[in-house]
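Undergrad: For reference, the chains in residue letters:
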Amino acid sequence: MIEFERYELREGPAYRFELERREFFKLLGGGLILLLVFDRPGEAQESGRAQAMRGDARPPEIAAWLHIAEDGSISVYTGKAEMGQNIRTSLTQAIAEELHAPVSSIRLVMADTAMTPYDMGTFGSRTTPTMAPQLRKVGAAAREALIDLAAEKWKVGRSSISVVDGKVKNAASGESIGFGELTKGRQIMNSVNGAVLTPAEKWTVAGSSAAKVNARDIVTGAHRYASDITRPGMLHGRILRPGVFQAKLTSVDTKAAEAIPGASIVRGVDFIGAVAEDESTAAKAIAAIQALWQSAQQPSNKDLFTYLKAHTTPAQPGAPRSTPERSIEDSLASADHKLDATYTVAYIAHIPLEPRAAVAEWNEDNLTVWTGTQRPFGVRSELSEAFALPENKIRVIVPDTGSGYGGKHTGEVAIEAARLAKSAGKPVKLIWTREEEFTWAYFRPAGVIDIRSGASSDGVITAWEFHNYNSGPSGIEAPYDIAHRKIEFHPTASPLRQGSYRGLAATANHFARESHMDDLAAAAGLDPLDFRLKNLKNARLRAVLEAAAEKFGWRNAKSTPARGFGLACGVEKGGYVASCAELSIAPPGGKVKIERVVTAFECGAIVNPEHLKNQVEGAVVMGIGGALFEAIEFADGRILNGQLSQYRVPRFSDLPVLETILLDRKDLPSAGAGETPIVALAPAVGNAIFHATGRRLRSLPMAPNGLPSGAHATA
Amino acid sequence: MELIVNQKRYRIELDPDRPLLWVLRNELDLTGAKYGCGEGQCGACTVLVEGAPVRSCLARVSTAAGKQITTIEGLVQNGKLHPLQEAFIEADAMQCGYCTPGMIMSGAGLLKKNPHPGEAEIRQALEGNVCRCGAYPRIVAAVQMAERQMSAQTGGRHD
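Just so you know, the sequences run in chain order A and B.
Going by the numbering used here, the first sequence opens with residue 1, and the numbers climb by one from there.
Going by the numbering used here, the second sequence opens with residue 1001, and the numbers climb by one from there.
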């Protein structure tokens, strides 16, 4: 049941891509096909396939392929999925940069298990650092292949040929030819494993703010998300859910449901659903089923943190763990300033605005499923297991998806739709209700973090002991220079199903660490910025911290009981972030409003500045919810606030003035940006509350109903 | 029952209690309006009925019968995008885009009622629309951009 930080799994793909050379051409048509082969096996485990293709001498590990058809259309195939990170645009830019063709001339085929190379999934901010360089290589290799073809055609040396704006040109004769004409009547398949790439300083297309490539389809409603797919004869499904988690069905009566005209009941071993020609009849049928469930007592959010610490499980092999050279007790004992504090974070829900949805269609024993997921190949494996079908009989297609945030790694809805469709003998669409998505998906892990620390009288941190229970190891290492540290992650038997979330546990670990840093600074009598800089050598982190503080006006920001200023910083997944927050705080018991947030972010060479800024802003806005008011309440196996009317998410009225500083390091490889900008917001807000009120809030969310009572210092 | 959607007339036999959203999506194959919550809390299902924004997941189809219903698909006129649609592209006011049709329809309803809203009025009018990706600042900017564009088209402000 634990979907814990799945992206850290590194199992090899079980999948064999069976395409033969001629099948490639059958699938894609004639022209030029370029296969990109991995040069490092490690990459193949994340994208591409680890096993050799059987039957011919073709390359064993394929990352991506590019096809230039005889009509000149350019298609590039990748197993990554688009769900709002704008990688369809940034990856197209990467190819355009190297191929020397307009962005608008390149079509990206993504996340379709029958059409694209294997990919482990779209998560962990991995697309930009791993897939973008691969697609750039395939673009560069295609350009070189076109030059070869032109040299052969015109019988001139390669040096007089160039590719400019989607045309191949001969400088000697002034001739020019389209890609399609060059490849016409040919079936050329090359495999390459490397190419000389354009350095970031010389980028002209990558590095610029290209508009979202399918924006027109989005704003006109023409784009079909998985939940919008229709098939001929398609029925609509619904699933019977237990009232509580881990319940066993003890009795069921479906007579009334079966009597509803147009409805059919589908029963399996542990599964009851309904299908009908319209969604409302299916829902009525499910509502008419009389079912009794038996369940055991389960923990509630009120006793959650005690429960987590009492239910630790053995650490996974390879879990991060650092132990001090000398005993942490000795280091603490000799410190001038000592602190000991516990922090907690609640379970929260992802709430992708498009809930889980799938359309399943059987054609004899071949299954096609359209679904929104971050792991198309993983979902295919789940389907293969559920129906005991070989993977080559299953096709999973992921239309650009209505967001995920780490919440769509699993294939429940695909399996359910396929079960219903199999029984109905017709295609079936299943869209989870918002309540189902709240209850039966999975949550960001809750957690408890204990920190003990010590600092010298002049503000040097000398001891650091950090224990995270359940929420996860991401971002657990302190970026500060601390001589004696002991850092451990303790997995536990989570009472709720949990899994990945934007930034994973980095949000929890940064909240605890960066809150604690301000408390240590206060104990040492130092300004929080000075204290951090004093204990921090990492130049990239210092750069974002100083950039954010300067733009924010940190040196002149003096907190009052009604106005709080706070900062925090961190590093995660190759990205460096610092956030400064300004809050207005109403009198005791009053509302906390984040008025202004300055965020500085650096993730190497920037691929698309406007979309990067959009990601940073989005992460900050999403972070507001987890920082101030989002929390799942539960008791006895029930989610108590599993509806949008009961669970508050950030809205327009919560929006602060957002200022974003992007540091472009063209000398460094690009890292992903979908996650890391979220991690510094919560501690910056907590620190601002602390500086305004003198009260340290150590639980996320910090102010679900305004400031907790007593949060104002009595003056 | 007669439905007038995007100036097209449909005569269909329907359970009058079915939510308008599902009739649009499943009977007329107009899938631009999205399901997000089913309780009028997220605005992804917003359409215009007689020019006013309506949460189609809550509205029974019978309440919209015979009235002018406009969905996101109906905003494009002769292949030309509505200024709001142009502005959402221009301002990059989307990430996953699932909330975008509802945002644009709420914005269209606002601009019909109040052609020159201030920033606070825009935020207030869109408060019932959720963008979980957090593109809020860009959405405000897009509505402002569309307002300026529409004012220019109609020869300036008349208020």
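Hints in this document: simulated from the structure, not taken from any laboratory.
Treat each hint with caution, since some may be false.
[What the hints assert, rightly or not] Cβ pair distances, simulated, as ranges:
#: 1; chain 1: B; residue 1: Glu1127; chain 2: A; residue 2: Glu659; range: 16 to 24 Å
#: 2; chain 1: A; residue 1: Ala388; chain 2: B; residue 2: Glu1127; range: 46 to 54 Å
#: 3; chain 1: B; residue 1: Lys1067; chain 2: A; residue 2: Ala341; range: 57 to 65 Å
[What the hints assert, rightly or not] Beyond 10 Å from chain B on every Cβ pair, some chain A residues (computed):
#: 4; residue: Ala296
#: 5; residue: Leu533
#: 6; residue: Leu644
Every residue, glycine too, gets a C-beta built ideally from N, C-alpha and C.
Undergrad: Please go over all the hints and tell whether each is borne out by the structure.
TA: Hint-by-hint comparison with the structure:
| no. | hint | result |
| --- | --- | --- |
| 1 | B:Glu1127 <-> A:Glu659: 16 to 24 Å | 23 Å, holds |
| 2 | A:Ala388 <-> B:Glu1127: 46 to 54 Å | 50 Å, holds |
| 3 | B:Lys1067 <-> A:Ala341: 57 to 65 Å | 60 Å, holds |
| 4 | Ala296 | 30 Å, holds |
| 5 | Leu533 | 30 Å, holds |
| 6 | Leu644 | 4 Å, violated |
The earlier numbered hint that this structure contradicts is number 6, and it is the only one.
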